[in-house]
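Asks: Here is how the chains run, residue by residue.
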Amino acid sequence: MAKHNIDLLIIGSGFAGIAAAAEFKNSRLRVAVVDENLHVGGQLLRTIPQNLGKKERFRPDYVKRIGFSFIEAAKQNRIDIYNNTRILAIYPDRRVLIEREGKRVEELWCGAIIIATGARERYLPFKGWTLPGVYSTGMAQVLMKSSAVLPANRVVVAGTGLFLYSVAYELVKNGAKVPAVYEQSPLLDKLQLMPALMHQVSKAIEGARFMSRLLFSGTAMRFRHRVIEARGSGSVESVVLARVDQHGRTIQGSEKIVPTQALAIGYGFVPNVELLQMAGCQLDYDVEKGGWVAVTDDHLETCVSSVYAAGEVTGIGGALKSINEGRLAALSIREQIGEVPSRLAEKQRKKLLWQRSHHMEFVRLFNGLYRIPVAAYDDVPDETIVCRCEDVTVGAVKDAIRLGLKTPAALKLAVRTGMGNCQGRTCGAILFDLLSGIGGTSALDLQPFCVRPPIKPVSIASLINPVS
Amino acid sequence: MKDLRIKDVKRNSPVTIKVDGNQLTAYPGETLLAAMIANGLRVQKESPVLQEKRGGLCGMGVCYECLVTVNGRPNIRACMCEVEAGMEVST
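From first to last, the protein sequence lines stand for chains A and B. In terms of our numbering, the first sequence opens at residue 1 and continues consecutively. In terms of our numbering, the second sequence opens at residue 1 and continues consecutively.
Honestly, I wouldn't trust all of these hints.
Pairwise CB distance ranges (calculated) [what the hints assert, rightly or not]:
#, chain 1, residue 1, chain 2, residue 2, range
1, B, T69, A, Q447, 45 to 53 Å
2, A, P186, B, K10, 39 to 47 Å
3, B, D8, A, D93, 34 to 42 Å
4, B, T69, A, Y82, 50 to 58 Å
Just some of the chain B residues that point at chain A, by a computed CB distance under 7 Å [stated by the list, open to error]:
#, residue
5, L4
6, T25
7, P28
8, V43
9, K45
10, L50
Everything labelled a hint here was simulated from the structure, so no lab data went into it. Cβ coordinates follow ideal geometry from the N, Cα and C atoms, glycine included.
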């Protein structure tokens with residue numbers, strides 16, 4: 001198997017990873033960035049690939065322009081960026097197994113590692129959410145941004161959180177009809193965000209822009225509404241919505257049916273912490289940060305020496321927080337190898353940590369306000385699928401929890417949740433909600449999923465044909 | 001359903017791919033998932049136990065609901081794979 005020595009491996013080329021990479025200008029370190037996606041930039045810094053064509057109007061907002069400038073800087077710094085590269089395993093001694101282009105496995109020996117693996121979407125299951133045409137809000141956006149394809153001409157957007165409006169805006173801008181955006185929490189929650197947004201000027205401006213465009217195009221904004229069913233033969237044709245009471249339960253008799261061609265759902269985000277866990281880093285379960293997050297010190301170093309965490313993996317907070325933490329992690333490493341004098345590093349760190357404290361305030365407020373209420377699960381019918389890979393129902397999971405099972409590992413053995421291809425990445429957050437909700441397991445007693453290599457499915461061909 | 005390809009993009013020449021024996025027009029650089037959706041194909045696989053028709057959910061390589069066979073290679077995520085001329089896909 002091919003082995004390479006690398007001074008710094010950055011895992012993930014989204015805002016946090018690429019902001020870190022951009023800091024290594026004229027560095028003597030050999031830095032490499034790896035990313036599973038086909039193109040650099042993670043989920044937010046997306047454009048259509050060159051071979052597809054050219055967008056006539058491509059005007060990314062202020063924060064994304066910064067992000068794209070980091071990509072340019074990283075390229076100029078002659079940092080190796082490996083796309084279409086998956087991590088299969090990572091060990092506490094900073095050895096990493098990667099699979100490149102779905103073909104060959106290589107081993108990297110790394111001096112330091114920054115884990116900036118971002119986040120994935122969170123779901124609240126409902127009857128019919130497995131119907132084709134029910135898409136995550138992220139998928140709706142990815143289709144438009146990376147492939148210039150609309151998910152459908154008419155799309156209902158529903159769930160919770162500010163991202164709903166961003167996706168609805170993008171849909172309308174690109175020519176789709178969005179009859180309404182349904183938010184399960186009350187409008188009052190939105191108003192509570194206002195003071196925190198004062199520190200996030202770009203977010204506030206962006207939000208105002210989205211809202212005005214949506215109102216102008218005739219998209220209705222409905223609060224305290226939740227999707228309880230998607231209907232259709234073979235593909236979604238209509239959705240059933242219900243009003244939500246102050247405890248987060250759906251109100252019987254308030255149902256209405258809205259015809260649509262597609263449904264985009266989003267309930268916030270879940271940090272991708274599996275690699276941190278495999279590397280031996282300590283995790284903490286904190287719903288105000290988005291679930292399982294990495295525990296770090298002020299240098300963003302985890303409890304594993306020279307393994308750092310940056311971006312969404314320390315708490316769901318968006319692009320600006322990720323930039324801040326990418327810089328902070330890079331600063332720690334540059335100081336340690338003497339490329340930044342200690343006194344200067346201390347000064348820069350102080351400033352970055354001050355900014356970070358504001359981002360963290362936003363993280364807590366945002367994730368707290370938009371969390372899925374425990375009572376929401378009372379109304380999910382027992383036959384609803386939770387684990388899509390293995391077709392496990394919410395009723396089966398609830399029964400297992402009521403029998404006394406307390407960990408995702410026990411649930412996996414009992415009912416197969418998390419046993420399939422996605423390894424619990426889709427149903428995991430739902431299981432933790434159920435374990436703490438109906439199971440009554442406290443955050444301190446919750447345990448994460450067990451992770452072991454290969455962390456994502458790999459073909460036998462890749463394993464038996466390593467490059468020598 | 002009207003054409004789902006977003007209008008303000010100057011695309012390079014299209015190519016033909018085959019999905020379950022049917023010829024589709026697609027553009028290199030689109031993800032296979034996007035090309036299928038643009039052609040009205042929302043189903044990529046069947047679930048293992050209930051044998052329900054399923055299609056991509058996350059669109060970013062997490063959920064494995066869009067697994068297809070590409071040029072004889074099984075278990076390819078359609079969302080993580082870009083269109084190439086002459087691709088043969090089966091769902």
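Asks: Please go over all the hints and tell whether each is borne out by the structure.
Replies: So, going through the hints one by one against the coordinates:
In this structure the supplied range 45 to 53 Å is violated for T69 of chain B paired with Q447 of chain A, their Cβ-Cβ distance being about 37 Å. Between P186 of chain A and K10 of chain B, the C-beta spacing of about 44 Å keeps the proposed range 39 to 47 Å intact. The given range of 34 to 42 Å is broken by D8 of chain B and D93 of chain A, whose C-beta atoms sit roughly 50 Å from each other. One distance hint, 50 to 58 Å for the beta-carbon pair T69 of chain B and Y82 of chain A, is violated here, with the actual separation near 26 Å.
Contact between L4 of chain B and chain A, as hinted, is supported at the beta carbon level, the nearest pair being about 4 Å apart and thus within 7 Å. Taken as an interface hint, T25 of chain B does not check out: its beta carbon lies about 12 Å from the nearest beta carbon of chain A, beyond 7 Å. This hint holds: P28 of chain B has a C-beta 5 Å from the nearest C-beta of chain A, less than the 7 Å allowed. The criterion of a C-beta within 7 Å of any C-beta in chain A is met by V43 of chain B, whose closest approach is roughly 5 Å, and the hint holds.
Against a cut-off of 7 Å between C-beta atoms, the interface hint on K45 of chain B is violated, since the closest Cβ of chain A lies about 10 Å away. Annotation: interface hint on L50 of chain B holds; nearest CB of chain A at approximately 5 Å, less than 7 Å.
Consistency note: the structure conflicts with the earlier hints numbered 1, 3, 4, 6 and 9.
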